[in-house]
Amino acid sequence: MKRQRRLSPSILVMLGALAFAGVACGGGDAEEPAAPATTAAPTAVAAGPLRVAIVAPSASDDLAFSQSMVDSVNALERDVELSITDGTFIIEDAAAAIRGYAEDGNDVVIAHGTQFGASLMEIAPDFPDVTFVWGTASDTQGLDNVFAYAPAADEGGYVNGSIAASLTDSGVIGVVGPIEAGDAVAYINGFEAGALAGGASEVNITYTGSFGDVALAAEAAEAHLANDVDVLTGTAQMVVGAVGVATDAGVPWFGTQANQTSLAPDLVVASQVYHWEVVLEEMLALRDGGVLGGQAFEINLANGGLVIEFNDGFELPAGVRDAAEAMIEAITSGTVSTGS
Amino acid sequence: MGDFFTLSVLVATAASAIRLATPYLLASLGETIGQRSGVLNLGVDGVMLLSAFFSYWAVLETGNLWLAVLVGLVVGLAMGILYGVITVGLSATQGISGIGIFIFGLGLSDLLFRQQVGTPKPVRRLPNVDVPILSDIPHLGEALFQRNLLTYLAFLLVPATALLLSRTTFGLNIRSVGENPQAADSLGVSVERTRFVAILIGNSMAGLAGAALVLQLGIFQPNLTQGLGFIAVALVYFGAWRPAGVMGGALLYGLVNATVLQWKALGIIPVSGSDLANMAPAILTILALIALARRVHAPSALTKPFTRH
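If you read the sequences in order, they're chains P and B.
Here the first sequence stands for residues 227 to 566, where the numbers follow the working numbering.
Here the second sequence stands for residues 1452 to 1760, where the numbers follow the working numbering.
These are calculated hints, taken from the structure and not from any lab test.
The beta-carbon is built from N, C-alpha and C at its ideal position, and this holds for glycine as well.
Treat the hints with caution; some may be incorrect.
As the list claims (entries may be wrong) - Derived DEER-like restraints, expressed as beta-carbon distance ranges:
| # | chain 1 | residue 1 | chain 2 | residue 2 | range |
| --- | --- | --- | --- | --- | --- |
| 1 | P | Ile316 | B | Glu1643 | 33 to 41 Å |
| 2 | B | Phe1455 | P | Ser396 | 15 to 23 Å |
| 3 | P | Gly476 | B | Leu1623 | 32 to 40 Å |
Generate the whole structure from the sequences, applying the supplied hints.
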């Protein structure tokens, strides 16, 4: 059974109201916000649901990075009471939320963003009984109550790229990325390698410089279309704008992080979907055994943490799906290197 | 670099610049009217976010794009009433009130989106409308005269705003209460009413800007504007409180963004230089503001609440 509660939008509305109240009363300044997590003193871990909290940088239903973790926690085969603070694009807000959840007695606090690492390194030692889960990251910074996680996003990128190469007529494929960091780079590099190995003549890559600027992502896609691109992909939550452009132009789209078929049911070819629950289950099993952290995990095609989900609504040319399945097998068995 | 100077790419870049400039222009023109009356509104971004959400929701529920535009306008108007009551009625500090409006709009649009929609769902986008004859001009027609109606409206509002401010009694009242409200008051001009109406117009245009943004993209997600409203406020300074100057700033900002994106797509800017290139629009704006700072004159009563002596 899963219970969920979210905090950030309500807090922002209250902040706005506080600001109004402050100026209306002539006080001038708005009061400082309370810590995101609110109620109750810490409680001892006992029988009952596992209390898990997620702090995520974007909306929990963004069809991308943040949603992938929320979906994964909801897929855990445990009784979980889930709390979410999302939209924490300001790191200080995320740090307050992480500390608040730890103080509030949560068993597991997931800091879902590479950028939260420095804050976590300060907070985690203060709560030795809490398991902190941090990603995407490849090491735990030596803390024994921190688990790290990362996706081998290049693997699914390579598969998507090889399929894209079979769909392009112009030979030119476009990529819309956010900031050159984290799993975005891995996915894009893997996609480029797969597309070029599959026969594409050119892969044009645009990093817009923002994880959230939908308008800029849309215009990046338009720029690609003006330069003979006839297949597009992209990563991070701002790609919803680029998918809209692809839809209007009738250009196939490849997704990553979450299944993006709902954005363009006729044009999304396939999505690399993150199933963090594969490694979360391992972490929780370790926690059950008294190990609260100190290990790093990776999701990949071999362990089922990365899954290529095809859109049955997009009709692939004969043989392409079989070739893609064979490519997944080859990557899983290690006979194909994705360039990571 | 040669690839960039092909007609098709230049036309695409110009079209992209105009699309990017449209929301900035609508919001900045509205803010120009407000600031000329002496009222600074740092909440433009919050107004845009709320209007964008309600416009999106309207088209999601009804499929009617023009109802969505109207909804955006009305939400902007409603936020204008709120802001007018706070800043004119209660004489509250404009800067803090504006920040409050921004945070309120950011949070409420996010909350409503989660409650009413959840996962982003695409909606119809505003269709492009060809201007008879002009749209047939080779290349230029495609770039300038095959745009959506809100884009045409935004550019038509430039001379309309200029005329309003310079050739009408109401425009004269706006300028007088922005420069010397005590003198205007002594001549029988209602400072409160003039400022209130200016705020309503400005916020309504911010509402239109939010509608234009979301209906150009065909999707909403939390914090869709990404600070666009704050840049719109900066463009008013950039344009020296003149509609034509504001238009120039909006177009320049859009053009720099569009050019950077084209250069990235063409590989003229390598991936390794991407971060540096992303700063280009902001750097350009700062340089322009520095250059303009010595010769522009802000409305004298800007940000100052009016109290009758």
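Item checked: Those earlier numbered hints the structure runs against, lowest number first -> 3
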